[in-house]
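Q: Next come the chains, spelled out residue by residue.
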Amino acid sequence: MELLGLLHLDELSHGLANLSMFPYFDIAHYVVSVMALREQPGALEVSRVSPLACWFSSMLFCFGGAVLSGIMLAEPPVAPLSNSGNILLASVTWYLVFYCPMDLVYSCAALLPLRLLLAGMKEVTRTWKVLGGVAQAHGKYKDSLLVMVANGWAKGAGGGLLRNFEQLVRGVWKPETNELLKMSYPTKVTLMGAVLFALQHGHYLPLQKHHLMLIYTVFTVVSKSRMMLTGSTSSPFAAIESAIYKTLFAGHAPYRALPSEGNKACIDNGTSDDTTSTQDFSKNGPAGSYASGSPVGGHRGPIKAKEESEESEKAETASCKKSD
Amino acid sequence: MELLGLLHLDELSHGLANLSMFPYFDIAHYVVSVMALREQPGALEVSRVSPLACWFSSMLFCFGGAVLSGIMLAEPPVAPLSNSGNILLASVTWYLVFYCPMDLVYSCAALLPLRLLLAGMKEVTRTWKVLGGVAQAHGKYKDSLLVMVANGWAKGAGGGLLRNFEQLVRGVWKPETNELLKMSYPTKVTLMGAVLFALQHGHYLPLQKHHLMLIYTVFTVVSKSRMMLTGSTSSPFAAIESAIYKTLFAGHAPYRALPSEGNKACIDNGTSDDTTSTQDFSKNGPAGSYASGSPVGGHRGPIKAKEESEESEKAETASCKKSD
Amino acid sequence: MELLGLLHLDELSHGLANLSMFPYFDIAHYVVSVMALREQPGALEVSRVSPLACWFSSMLFCFGGAVLSGIMLAEPPVAPLSNSGNILLASVTWYLVFYCPMDLVYSCAALLPLRLLLAGMKEVTRTWKVLGGVAQAHGKYKDSLLVMVANGWAKGAGGGLLRNFEQLVRGVWKPETNELLKMSYPTKVTLMGAVLFALQHGHYLPLQKHHLMLIYTVFTVVSKSRMMLTGSTSSPFAAIESAIYKTLFAGHAPYRALPSEGNKACIDNGTSDDTTSTQDFSKNGPAGSYASGSPVGGHRGPIKAKEESEESEKAETASCKKSD
Numbered sequence: 002m003e004l005l006g007l008l009h010l011d012e013l014s015h016g017l018a019n020l021s022m023f024p025y026f027d028i029a030h031y032v033v034s035v036m037a038l039r040e041q042p043g044a045l046e047v048s049r050v051s052p053l054a055c056w057f058s059s060m061l062f063c064f065g066g067a068v069l070s071g072i073m074l075a076e077p078p079v080a081p082l083s084n085s086g087n088i089l090l091a092s093v094t095w096y097l098v099f100y101c102p103m104d105l106v107y108s109c110a111a112l113l114p115l116r117l118l119l120a121g122m123k124e125v126t127r128t129w130k131v132l133g134g135v136a137q138a139h140g141k142y143k144d145s146l147l148v149m150v151a152n153g154w155a156k157g158a159g160g161g162l163l164r165n166f167e168q169l170v171r172g173v174w175k176p177e178t179n180e181l182l183k184m185s186y187p188t189k190v191t192l193m194g195a196v197l198f199a200l201q202h203g204h205y206l207p208l209q210k211h212h213l214m215l216i217y218t219v220f221t222v223v224s225k226s227r228m229m230l231t232g233s234t235s236s237p238f239a240a241i242e243s244a245i246y247k248t249l250f251a252g253h254a255p256y257r258a259l260p261s262e263g264n265k266a267c268i269d270n271g272t273s274d275d276t277t278s279t280q281d282f283s284k285n286g287p288a289g290s291y292a293s294g295s296p297v298g299g300h301r302g303p304i305k306a307k308e309e310s311e312e313s314e315k316a317e318t319a320s321c322k323k324s325d
Numbered sequence: 002m003e004l005l006g007l008l009h010l011d012e013l014s015h016g017l018a019n020l021s022m023f024p025y026f027d028i029a030h031y032v033v034s035v036m037a038l039r040e041q042p043g044a045l046e047v048s049r050v051s052p053l054a055c056w057f058s059s060m061l062f063c064f065g066g067a068v069l070s071g072i073m074l075a076e077p078p079v080a081p082l083s084n085s086g087n088i089l090l091a092s093v094t095w096y097l098v099f100y101c102p103m104d105l106v107y108s109c110a111a112l113l114p115l116r117l118l119l120a121g122m123k124e125v126t127r128t129w130k131v132l133g134g135v136a137q138a139h140g141k142y143k144d145s146l147l148v149m150v151a152n153g154w155a156k157g158a159g160g161g162l163l164r165n166f167e168q169l170v171r172g173v174w175k176p177e178t179n180e181l182l183k184m185s186y187p188t189k190v191t192l193m194g195a196v197l198f199a200l201q202h203g204h205y206l207p208l209q210k211h212h213l214m215l216i217y218t219v220f221t222v223v224s225k226s227r228m229m230l231t232g233s234t235s236s237p238f239a240a241i242e243s244a245i246y247k248t249l250f251a252g253h254a255p256y257r258a259l260p261s262e263g264n265k266a267c268i269d270n271g272t273s274d275d276t277t278s279t280q281d282f283s284k285n286g287p288a289g290s291y292a293s294g295s296p297v298g299g300h301r302g303p304i305k306a307k308e309e310s311e312e313s314e315k316a317e318t319a320s321c322k323k324s325d
Numbered sequence: 002m003e004l005l006g007l008l009h010l011d012e013l014s015h016g017l018a019n020l021s022m023f024p025y026f027d028i029a030h031y032v033v034s035v036m037a038l039r040e041q042p043g044a045l046e047v048s049r050v051s052p053l054a055c056w057f058s059s060m061l062f063c064f065g066g067a068v069l070s071g072i073m074l075a076e077p078p079v080a081p082l083s084n085s086g087n088i089l090l091a092s093v094t095w096y097l098v099f100y101c102p103m104d105l106v107y108s109c110a111a112l113l114p115l116r117l118l119l120a121g122m123k124e125v126t127r128t129w130k131v132l133g134g135v136a137q138a139h140g141k142y143k144d145s146l147l148v149m150v151a152n153g154w155a156k157g158a159g160g161g162l163l164r165n166f167e168q169l170v171r172g173v174w175k176p177e178t179n180e181l182l183k184m185s186y187p188t189k190v191t192l193m194g195a196v197l198f199a200l201q202h203g204h205y206l207p208l209q210k211h212h213l214m215l216i217y218t219v220f221t222v223v224s225k226s227r228m229m230l231t232g233s234t235s236s237p238f239a240a241i242e243s244a245i246y247k248t249l250f251a252g253h254a255p256y257r258a259l260p261s262e263g264n265k266a267c268i269d270n271g272t273s274d275d276t277t278s279t280q281d282f283s284k285n286g287p288a289g290s291y292a293s294g295s296p297v298g299g300h301r302g303p304i305k306a307k308e309e310s311e312e313s314e315k316a317e318t319a320s321c322k323k324s325d
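Residue numbers (the working numbering), protein chains in the order written: chain A, 2 to 325; chain B, 2 to 325; chain C, 2 to 325.
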């Protein structure tokens, strides 16, 4: 703390902690979220066929955290609708990103410098949302670290965790993957933040709240910018994850025969952007392949038909990318 | 208002506003709802295989609005079960429609004149449900028009909006369509009602509540009767919808190449009965076709495999219709 | 009651009623639940690929009742997370069953005598959970038998009733079956218990609570042990169910032509263990076959394509079993 004080960082962290998210940071969050939706396969068609479904999907991208947290704590999930200012901003953003004449808004926002700025600002809102979720849970369940972590995570990464149901609104159903089976980078960084802020709330961390806010915000912004600039998908957590995985979850007899590359690949690649959370789940065989029901059974590869459908999906994605 | 007063309509509207829905109008609602369930593909098989699943589905058709509204406002969704009188009526209706010896009840109720009367009475209950939803939301969120609209809509058209999950109870899963992607007529008319009653509650409409109730009720009853008598599926909103669509949602560059007929067809045909909400979603390419993920990408037709499965579904539907 | 008093059963029932579930009976419940998850097809793969998804699935198996009951009564579904002691026990159990070196814990617990003991203890917890659910609903809705039954059932058999969504966490989606369409034995016995305890709460049964607890507990333990020892899947309710079905639900004209064996088979086979709730639903044609949309239409067999997919699924299951 002394060091932070010396470097004038204490004032900076106080300044950050008093920053208001409304309206600029919120707008950045809405623009990035709605653009992520627009870049989902099939989203443009939906925006033509049913503007209402498209609007509802956008609202789930923008306010998914509040909705999920509301469900978890038995508070009205429609509450975000009652916040007129934010809903209006998000709706205008949705309209401009999807239906602006000449597609001006999307084309501008998709330029790298602006996109980088918006993504950075969106990462700042993450800190506020996670902290809000942790504090809200603390108000209801004083001593429960787990509830704080869960609610902070839900509030910060709700859109991702609700992905399957958001897709259902658009007529897309991909049960073979979800954010728990294959976490994307934003979901991971939010979980880490929720754990840190919950520990801080429970006084298990020798840090003050505004210092943690500064550190976490800088980490998320830098990390996101690096990933966008280098196009890298390697997670900053890959090494830690791999170590935890090897220590805790790899010592099980029936699977010793498994090639360890398989597991490693899964961990190393478990990092992606918001928009890639719809990736298929083909490494190590999909959970939905119904293989090996035996208690001490061996490992079976993914079933043929499944594999084929995944192949065709990949081909699709590839052809989509070509048409860019 | 002067005119209404002159025509003795003021007294009529007061009389209507004081009308009790229980038991006759409620019974009509239950009969029409359970008959709509029975006419769903596969529902009769389910009624043989699992009466409990069939009963639960029927209750979702009858009380879906209350369930959905409960979830949205964080009030117990089991609350309808605590209303013994209504549950008993709905259960007796369910039993008689599905299991009456000689199928007497269903055969009678399916006769056009009786069906027309029941459908008319059901439309009257819609007014009460929408109004109840708007008033309930007004009690919780004083100034939020959007919450009032959402809750009024949920209460009035909950069965339709929950359709995907109601189907799941019966072992049917059709993710490619839902009431937001392709609204049926009842869902549309309920949304319109929710908007009107919410505006009236917020004093944005120069109308008194009982006058609006009369006007809306007459509109829904007349409109439904016309549709049943003429067998027409053209929505009374088609012109307005088309105008809104063309003004707001059609000015987007990447899609200029799209044949405008496609979009128009989608709008013009977007009108259907309760029972047709299970229609497939083949116009304009399904949302689930994963086409065109490119930001400025062109339009791609639906993917082959998908198309085939839709063809076979259509063939099925056709063969079902032949067997009538 | 005199007789029970004479046989010293009154003291026994009082002793049982004062028994604490924590920690031994709770542990037995967690072990049996997590083992049931581990024996689901594909669960082991998920435990390798995503320990977090596996943990979340396990928690739904262990605390599904509390989660479902929370949703139904609009109380926070995260509440179980706030109970640190139980969550810790369940998490340790999950870790040991899935990741114990040499697979020691699972191998031991899978031995018949220990498995029998654990299953018996788990059945004891059922009584407490059902009773807790009924009492909780009684606190909220004084006079509503149905809400008491629903909440007792949800609390006691929540894991089973949430099965579709628990599977979704693991990337598995089987919409064609659920616990309402094809009830497993535990779901049935829990429903029966919920009805009995709700009647007792409403003073419709000439029994005291602790006597009913004793009778119900003995019945469930004996019945479960008998099924495990004989490997029989015939439900103790088969005769009653068949009688109710024939009396109430078989008198419907359009289906008179149906071979009565079909219906009978469905009823007689409607008994299974926890782990078999993932069975496919091929008897009598699946509900998802979209057959016979006609109001008075005839019976159609399952559609070809569907049938084929079921065949392939069966073949899969068969090959899994061979690899045991």
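Since the hints were derived computationally from the structure, they do not count as laboratory data. Don't take every hint at face value.
To be verified - Pairs of lysine to any residue, SDA-like flavour, derived with a Cα cap of 20 angstroms:
1. Lys141(C) / Lys247(B)
2. Lys143(A) / Ser83(C)
3. Lys141(A) / Ser83(C)
4. Lys143(B) / Lys141(A)
5. Lys247(C) / Leu97(B)
6. Lys247(B) / Cys101(A)
7. Lys189(C) / Lys141(C)
Q: Does each hint hold? Answer for all of them.
A: How the hints compare with the structure:
no.	hint	in the structure
1	Lys141(C) / Lys247(B)	51 angstroms, violated
2	Lys143(A) / Ser83(C)	9 angstroms, holds
3	Lys141(A) / Ser83(C)	10 angstroms, holds
4	Lys143(B) / Lys141(A)	25 angstroms, violated
5	Lys247(C) / Leu97(B)	16 angstroms, holds
6	Lys247(B) / Cys101(A)	13 angstroms, holds
7	Lys189(C) / Lys141(C)	25 angstroms, violated
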